[in-house]
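**Q** Working from the sequences, and respecting the hints, build out all of it.
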Amino acid sequence: SPLEAIRSKPNSSIVVGINLVRDGRASAFVSAGNSGAVFAAALLNLGKIKGIPRPAMGSLINITPDTPIFLIDAGANVDCRPEHLAWFANLGNLYVSQVLGIRSPRIGLLSNGEEETKGNKLIKESHKLLKGSGLNFIGNIEGQDILRRAAEVIVTDGFTGNIVLKTIEGVSDNWLYSLSQAGQVFAKAYRLPLRALRRDIGMDSWTQRLAIGLDRSRYSNCILSPNLSLIR
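Sequential numbering of the sequence shown, starting at 1, is according to this note's numbering.
The set of hints was computed from the structure by calculation and includes no laboratory data. One should not assume that every hint holds.
[To be verified] Quick list of in silico lysine to aspartate or glutamate cross-link-like pairs, EDC-like style, CA-CA up to 16 Å: (1) K131 to E83; (2) K124 to D66; (3) K131 to E116.
**A** Shown next as structure tokens:
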């Protein structure tokens, strides 16, 4: 497991880099390593923000540069309780409003139907908590609503969120590959538009993940990209 790997390799570049941030000798750490290992090292060595039960991974999904969507959790917590999803919503709201500058972002709870009665026990109980949270909660949203930008913050558990993220990455990559195979004439005529599409919807734009909920009172900002970013 990532945690066992971190504990068994205390001199790995990931552990050393995280510790440099912890000790104030670095203000950022960049890694292309396994996101689970980076997250485990950060959690073990930096700790959590007081009062937050679990940090989460968030992922920025860039439909266009001006219309980002924030998916949380994108893979850190496979098994969640309703209060965890409520915290994820708060963390996502803070990130989108404070970092992206979107005031009162819409919060959507990923489910298999828009109705309040849809979803499993986790979703139904989370819906109740979010409804009374004071956030701009718009209710349940379905999978097809994600790329339609029905909400700026999409809340789900890490198991579902990671599947959603990897599916979007795969569809994007496959679509761009299909375009590249459309013929030399088409490719030459639309070379610049295709480059713009690759920049906006290519896999590099989808896979930036942020670890939110780590202790910001003791340590500097810590950025790990393209796979994972730790933010304050």
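**Q** For a C-alpha distance cap of 16 Å, please report whether K131 and E116 respect it.
**A** Within the cut-off at roughly 10 Å; holds.
**Q** Does the alpha-carbon distance linking K124 and D66 stay inside the 16 Å limit?
**A** Judged against 16 Å, a Cα distance of about 32 Å means the pair is violated.
**Q** Quickly compare the C-alpha distance for K131 and E83 to 16 Å and report which way the hint goes.
**A** holds (12 Å)
Hint 2 alone, counting from the list given before, is not met by this structure.
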